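As you go down the protein sequences, you meet chains A and B in turn.
FYI, in this note's numbering the residues of the first sequence are 1 to 212.
FYI, in this note's numbering the residues of the second sequence are 213 to 424.
It is worth saying that the hints were derived from the structure and are not from the lab.
Wrong hints could be hidden among the right ones.
What the hints assert, rightly or not - Computed Cβ-Cβ distance ranges for the label pairs, DEER-style:
(1) F63(A) - K244(B): 38 to 46 Å
(2) D34(A) - T214(B): 48 to 56 Å
(3) D422(B) - T2(A): 19 to 27 Å
As the list claims (entries may be wrong) - Partner residues aside, some chain B positions facing chain A, computed with beta carbon under 7 Å:
(4) E263
(5) Q279
(6) Y303
(7) L306
(8) S318
(9) P336
Claimed, not checked - One-sided excerpt, in silico: chain B residues whose CB lies under 8 Å from chain A:
(10) G265
(11) S278
(12) A356
(13) H357
Here the structure is a predicted model, which means the values were calculated and not measured.
Ideal placement from N, C-alpha and C gives every residue a C-beta, glycine not left out.
For reference, the chains in residue letters:
Protein chains: 2
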Amino acid sequence: MTMKLYCFGESGNAYKAALALELSGLDWEPVKVDFFGGETRSDIYRSEINEMGEAPVLVDGDFRTSQSGVIQQYVTDKTGKFGGRDEAERYEVLRWVFWDNHKMSSQAGMTRFLMNFLPEDKRPADVIGFMQGRLKAAYAVLNAHLQGRDWIVGDGITNADMSCCAYLFYPEPFGFDRKDWPEIDRWLSNIENTPGWKHPYDLMPGSPADRA
Amino acid sequence: MTMKLYCFGESGNAYKAALALELSGLDWEPVKVDFFGGETRSDIYRSEINEMGEAPVLVDGDFRTSQSGVIQQYVTDKTGKFGGRDEAERYEVLRWVFWDNHKMSSQAGMTRFLMNFLPEDKRPADVIGFMQGRLKAAYAVLNAHLQGRDWIVGDGITNADMSCCAYLFYPEPFGFDRKDWPEIDRWLSNIENTPGWKHPYDLMPGSPADRA
Numbered sequence: 001m002t003m004k005l006y007c008f009g010e011s012g013n014a015y016k017a018a019l020a021l022e023l024s025g026l027d028w029e030p031v032k033v034d035f036f037g038g039e040t041r042s043d044i045y046r047s048e049i050n051e052m053g054e055a056p057v058l059v060d061g062d063f064r065t066s067q068s069g070v071i072q073q074y075v076t077d078k079t080g081k082f083g084g085r086d087e088a089e090r091y092e093v094l095r096w097v098f099w100d101n102h103k104m105s106s107q108a109g110m111t112r113f114l115m116n117f118l119p120e121d122k123r124p125a126d127v128i129g130f131m132q133g134r135l136k137a138a139y140a141v142l143n144a145h146l147q148g149r150d151w152i153v154g155d156g157i158t159n160a161d162m163s164c165c166a167y168l169f170y171p172e173p174f175g176f177d178r179k180d181w182p183e184i185d186r187w188l189s190n191i192e193n194t195p196g197w198k199h200p201y202d203l204m205p206g207s208p209a210d211r212a
Numbered sequence: 213m214t215m216k217l218y219c220f221g222e223s224g225n226a227y228k229a230a231l232a233l234e235l236s237g238l239d240w241e242p243v244k245v246d247f248f249g250g251e252t253r254s255d256i257y258r259s260e261i262n263e264m265g266e267a268p269v270l271v272d273g274d275f276r277t278s279q280s281g282v283i284q285q286y287v288t289d290k291t292g293k294f295g296g297r298d299e300a301e302r303y304e305v306l307r308w309v310f311w312d313n314h315k316m317s318s319q320a321g322m323t324r325f326l327m328n329f330l331p332e333d334k335r336p337a338d339v340i341g342f343m344q345g346r347l348k349a350a351y352a353v354l355n356a357h358l359q360g361r362d363w364i365v366g367d368g369i370t371n372a373d374m375s376c377c378a379y380l381f382y383p384e385p386f387g388f389d390r391k392d393w394p395e396i397d398r399w400l401s402n403i404e405n406t407p408g409w410k411h412p413y414d415l416m417p418g419s420p421a422d423r424a
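Throw the hints in and build the complete structure from the sequences for me.
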């Protein structure tokens, strides 16, 4: 049965799950969530799709889960891919996925939202500046880790790469420029050159262009 | 060999790992990290302890890892405890641990830091107000989930509980009051009544009292 991923193109968190599904070769299809119309925060979405009021959500027959890190783990458990080749790599992959959720994507997604998807007169400059400072510290950690490495963990793409990269491919400004971080830039090219790779706006339905 | 956990009392993230170690019955001891003296951000800490520049860090012989969610998983893998009783519970536990890292603890830890551990004239009111709004949405999700439940997943304490509860036990104000959230309040009492439970300032070295 084809798995369904509730998602929308603008969501880096959804992209993490969609990219893992796509590169794994599993049979999946996107279900567009109308985030900008308030769907994820609606009572019906909370009661029938996800009590956490967010995307992505994966549905595989009777199984349903959310949080991109869990969906990535589910793909790994089903296919043996992207989770690390031995026990040490397995913990290291999970460590970077947690770090990303905790220290990078959480702040990057919020900052990009505030700077691009709120009306101009509602954008909180102090919050944006604060978040960008936190993000700069996160980019520095990632950039330093990638020195001498093609991938975050081991010799090929893993959930760690697919988690950490997600917001960094978007064109909307949020204070990240690949040219400022040469190791990150090189690593993002490695991901882009992976057979089957797609940009978020090509992999999932919905983009700012649709709402222009 | 006794495992070592690099930690400090004020860190809710460290508490998540310390509580899992303590309740598991594994042999562990804390190593105090001088976070407020800048130790986690020092070059030597980054090069020798954790490139991510943060606590907690677990050392078990030759094995070393960080991120509380990974340390909790390591405890689960070693003991069979706290990770869920079957496959469905296993994913559900991991889902709430990720949700906590992504949507609750990340913001709670920052807000508590800004409101309590920065000099009064350096506390950014706009950022604090913004974060508290995000946190209120997170508390509402958790409070709703706990209706009719004693634990976040299944019939006993899991990593999900030990992750989500961590910042909520601290006395320093950050915009959370147990009385406002009756289901969370009841659930926190369940955790406090678990045999062997300890408050963060009793489980790990370091507290604001030491620095007063």
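Against the structure, the hints:
| no. | hint | verdict |
| --- | --- | --- |
| 1 | F63(A) - K244(B): 38 to 46 Å | 43 Å, holds |
| 2 | D34(A) - T214(B): 48 to 56 Å | 53 Å, holds |
| 3 | D422(B) - T2(A): 19 to 27 Å | 57 Å, violated |
| 4 | E263 | 6 Å, holds |
| 5 | Q279 | 4 Å, holds |
| 6 | Y303 | 5 Å, holds |
| 7 | L306 | 5 Å, holds |
| 8 | S318 | 5 Å, holds |
| 9 | P336 | 6 Å, holds |
| 10 | G265 | 7 Å, holds |
| 11 | S278 | 6 Å, holds |
| 12 | A356 | 7 Å, holds |
| 13 | H357 | 6 Å, holds |
Comparing the model with each numbered hint stated earlier shows that hint 3 is the single one that does not hold.
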